[in-house]
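Asks: In order, the protein sequences belong to chains A and B.
In this text, residue positions in the first sequence follow our numbering: the first is 1, and each later residue adds one.
In this text, residue positions in the second sequence follow our numbering: the first is 1001, and each later residue adds one.
Hints should not be assumed to be uniformly reliable.
Here are the simulated lysine-lysine pairs, DSBU-like style, with alpha carbons at most 35 Å apart [stated by the list, open to error]:
| id | chain 1 | residue 1 | chain 2 | residue 2 |
| --- | --- | --- | --- | --- |
| 1 | A | Lys65 | B | Lys1287 |
| 2 | A | Lys51 | B | Lys1287 |
| 3 | A | Lys126 | B | Lys1023 |
| 4 | A | Lys126 | B | Lys1122 |
| 5 | A | Lys131 | B | Lys1122 |
| 6 | A | Lys7 | B | Lys1130 |
| 7 | B | Lys1287 | A | Lys115 |
| 8 | A | Lys112 | B | Lys1198 |
| 9 | B | Lys1324 | A | Lys112 |
| 10 | A | Lys29 | B | Lys1019 |
| 11 | A | Lys131 | A | Lys6 |
| 12 | A | Lys126 | A | Lys51 |
| 13 | B | Lys1324 | A | Lys115 |
| 14 | A | Lys51 | A | Lys29 |
| 15 | B | Lys1122 | A | Lys112 |
| 16 | B | Lys1324 | A | Lys65 |
| 17 | B | Lys1023 | A | Lys115 |
| 18 | A | Lys115 | B | Lys1045 |
| 19 | B | Lys1045 | B | Lys1023 |
| 20 | A | Lys112 | B | Lys1023 |
| 21 | B | Lys1194 | B | Lys1019 |
| 22 | A | Lys131 | B | Lys1130 |
| 23 | A | Lys6 | B | Lys1194 |
Here are the in silico distance ranges between beta carbons for each label pair [claimed, not checked]:
| id | chain 1 | residue 1 | chain 2 | residue 2 | range |
| --- | --- | --- | --- | --- | --- |
| 24 | B | Asp1027 | A | Ala81 | 46 to 54 Å |
| 25 | A | Gly53 | B | Gly1379 | 56 to 64 Å |
| 26 | A | Asp125 | B | Ala1336 | 58 to 66 Å |
| 27 | B | Pro1188 | A | Leu59 | 55 to 63 Å |
| 28 | A | Glu119 | B | Arg1376 | 35 to 43 Å |
No wet-lab data here; the hints were simulated from the structure.
Note that the coordinates shown come from a computational prediction; the quantities given were computed from them, not determined experimentally.
Glycine included, every Cβ here is placed at the ideal spot set by N, Cα and C.
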Amino acid sequence: MKDSPKKQIPAVEGFFTMPPEEPHLIGTKCNSCGDYFFPRVESCRNPYCSKTGPVEDVLLSRRGKLHSFTVNYYPPPIFHAPDPFVPYANGLIELPEGIRVTTMIGPGYDQKNLKIGMEMEMIIDKLYEDKGGDEVVSWRFLPVST
Amino acid sequence: MRKMREIAVLGVGRHVWGKFPGKAFDDLAEEACLTALNDAGVDRKDIEFVSGGVDPYGGTGGMALGILAGNTVSHRLGLTVPATSCYNGCATGGWALKTAQAYITAGFCDMAIVFGASAPPKGFFAPTGKQDEFDPADSDFQRFRLFGSTNVSGFAQGALRRMQLYGLTEDDLAEIKVRASQYAQFNPYARYRKVYTKEEVLNSPMVSYPLHLLEVCATSDGAAAAVVCSLEKAKQYTTRPVIISAIGIGYTSYNDPGYARGAFGSNAKPLEHGTGLENSMEYRAGKAAYEEAGIGPEDLSFAEVYDLSCAMKLDWFEQLQFCKTGEAEALFRSGATELGGRLPISPSGGIAATGEAIPAQALYFVAEVADQLRGRAGGRQVEGARVGLCVNSGAGGNSQAIIMKR
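Go ahead and model the full structure; you've got the sequences and the hints to work with.
Replies: Take a look at the structure:
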């Protein structure tokens, strides 16, 4: 009997495009003021916008700049920490659309490899395996190799 | 916002900060309130209004006792007057005070008691149930689930920016804790009164780089209370009351550079509205308070800042206009912000000394400033203290700067 390939399940619905499509975060653009939002919104949240829309969902840039980061040595409850445990990095990416997005970074990157302002690129990767053995996936950003 | 009239602080009370397994939040609150009444020399029958901070951990499973904190504690004090409760994260105690200020200055009452108390579980503030017990649409739950992002993780990202942009060092962070501990030894309300060495700080476990365990606040139990009244009423009790000149409110802005607006990130775009310091809720609170009190940072005798991490202490130097952006490290290293310096900052030892009891913490500092202004701060006393500032900063976008004088 052949092993069936592991199914990939998005950790949250409607936040990002799933493989085999190219991975993108899904945001919203206000067609009145041009501002972008993530996660998606139903109406424009820019207090300086003269209207509250119309808004449309858009795919956000896969690349952005590292705004800040940290490496965490103690995982909180709820989080499926790497097993066996290794410290994990998370941070904020500033996208060209003018929003900062919270993200996991790595795996495999520690503070010595990361510099504020460096170019980062989004991927979809396993967050944890659920009880049925399927992969629960989410977004991460990695430094762009130059 | 319109300028509010001044009110007086007749008395304050604090339970010592720490962990007290045998005590519920309302046990702590009752002690703090009775101390405040005694300090004020006010009979409880003269209290006309109770304004309490909600303890989200109070009561069984976070049920009514903690949410109805105002009523719960009112009953325990034997009061039968209007009571209300509010919650605004770390700004809760300050908002309880603001509520009383509004009631008094609007003429609804002359005298009120204000309190905040909390007895949270140990460890990181985090969702405490199981994965499948949470609403997937709860963005704060998703923050923990998707990114393992604790509050300390957010503090660390702020610290990291200071390191890479402004030259903050790990040595500075440890020195901030060392100096705070030297004041904490004189603070009878502090949870941590041990004087630490730099080596002890740097050898404590790394929590979220670059912050070590001894450089972030611990979740703590605590309670603080104040008896406040109109200036007219205060004349019946004292000729020299402590006066609250301003409670400046800073709400988060569309492009607040902090981390307050959302669990998934924030807006960074509209350059025409500024993207710098002036958009932070902390800066806006300080500015509002200076305007309301009609003074500037140069008029302060001292300040107590909300140092949830050692790096956040330096952020406040800039947010409260003690120096320009990027200059807080130099100001700290100069010694000007130490006891005996030009502007002592957190001579109590700050939150580094107490840990944080969320709904009580802002009132802890109000009590601390009141004690300084009355010359009751012992080994941490600021000589000739006349005008003091204390601040708080709450999740979701609440910040306050409170200016007091005597």
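Asks: Hints first: check each against the structure and report whether it holds.
Replies: Hints, one by one, checked against the model:
1. Distance hint between Lys65 (chain A) and Lys1287 (chain B) is fulfilled; the C-alpha atoms sit about 31 Å from each other, no more than 35 Å.
2. With a C-alpha separation of about 30 Å, the suggested pair Lys51 (chain A) and Lys1287 (chain B) falls inside the 35 Å cut-off, and the hint holds.
3. Simply put, Lys126 (chain A) and Lys1023 (chain B) have alpha-carbon atoms about 44 Å apart, too far for the 35 Å limit, and the pair is violated.
4. Only pairs whose Cα atoms come within 35 Å are accepted, and Lys126 (chain A) paired with Lys1122 (chain B) is accepted, the gap being roughly 30 Å.
5. Of the supplied pair hints, the one linking Lys131 (chain A) and Lys1122 (chain B) holds, its CA atoms being roughly 29 Å apart against a limit of 35 Å.
6. For the proposed pair Lys7 (chain A) and Lys1130 (chain B), the alpha carbon gap of about 23 Å is at most 35 Å, so the pair holds.
7. Of the pairs offered as hints, the one joining Lys1287 (chain B) and Lys115 (chain A) holds, with about 33 Å between alpha carbons and a cut-off of 35 Å not exceeded.
8. For the proposed pair Lys112 (chain A) and Lys1198 (chain B), the alpha carbon gap of about 23 Å is at most 35 Å, so the pair holds.
9. Proposed proximity of Lys1324 (chain B) and Lys112 (chain A) is supported: the alpha carbons are some 29 Å apart, at most 35 Å.
10. For the hint linking Lys29 (chain A) to Lys1019 (chain B), the alpha-carbon distance of about 48 Å lies beyond 35 Å, and the restraint is violated.
11. A threshold of 35 Å between alpha carbons decides the hint, and for Lys131 (chain A) with Lys6 (chain A) the separation of about 12 Å falls inside it, so the pair holds.
12. The hinted pair formed by Lys126 (chain A) and Lys51 (chain A) fails the criterion: a straight-line CA distance of about 39 Å is larger than 35 Å.
13. The hinted pair formed by Lys1324 (chain B) and Lys115 (chain A) meets the criterion: a straight-line CA distance of about 24 Å does not exceed 35 Å.
14. Distance restraint check for Lys51 (chain A) and Lys29 (chain A): the Cα-Cα separation of roughly 13 Å lies within the 35 Å cut-off, and the hinted pair is therefore satisfied.
15. Of the supplied pair hints, the one linking Lys1122 (chain B) and Lys112 (chain A) holds, its CA atoms being roughly 32 Å apart against a limit of 35 Å.
16. Between Lys1324 (chain B) and Lys65 (chain A) the CA atoms are separated by roughly 25 Å; this keeps the pair inside 35 Å, and the hint holds.
17. Our distance criterion of 35 Å between C-alpha atoms is broken by Lys1023 (chain B) and Lys115 (chain A), whose separation comes to about 46 Å.
18. Taking the CA atoms of Lys115 (chain A) and Lys1045 (chain B), the gap is about 61 Å. The hint is violated against a cut of 35 Å.
19. Proposed proximity of Lys1045 (chain B) and Lys1023 (chain B) is supported: the alpha carbons are some 26 Å apart, at most 35 Å.
20. Using a Cα cut-off of 35 Å, the hinted pair Lys112 (chain A) and Lys1023 (chain B) is violated, with the two alpha carbons roughly 45 Å apart.
21. Proposed proximity of Lys1194 (chain B) and Lys1019 (chain B) is supported: the alpha carbons are some 16 Å apart, at most 35 Å.
22. Annotation: proposed proximity of Lys131 (chain A) to Lys1130 (chain B) holds, straight-line Cα distance about 14 Å (limit 35 Å).
23. For the hint pairing Lys6 (chain A) with Lys1194 (chain B), the CA-to-CA distance comes to about 54 Å; that exceeds 35 Å, so the pair is violated.
24. Checked against the hint of 46 to 54 Å, the pair Asp1027 (chain B) and Ala81 (chain A) fails, with Cβ atoms roughly 36 Å apart.
25. Hint check: Gly53 (chain A) to Gly1379 (chain B), Cβ distance near 60 Å, so the stated range 56 to 64 Å holds.
26. Range check, Asp125 (chain A) to Ala1336 (chain B): about 48 Å between beta-carbon atoms, so the 58 to 66 Å window is missed.
27. The hinted window of 55 to 63 Å between Pro1188 (chain B) and Leu59 (chain A) holds, with their beta carbons roughly 58 Å apart.
28. About 56 Å separates the C-beta atoms of Glu119 (chain A) and Arg1376 (chain B), a value inconsistent with the hinted range of 35 to 43 Å.
Comparing the model with each earlier hint shows violations of hints 3, 10, 12, 17, 18, 20, 23, 24, 26, 28; every other hint is respected.
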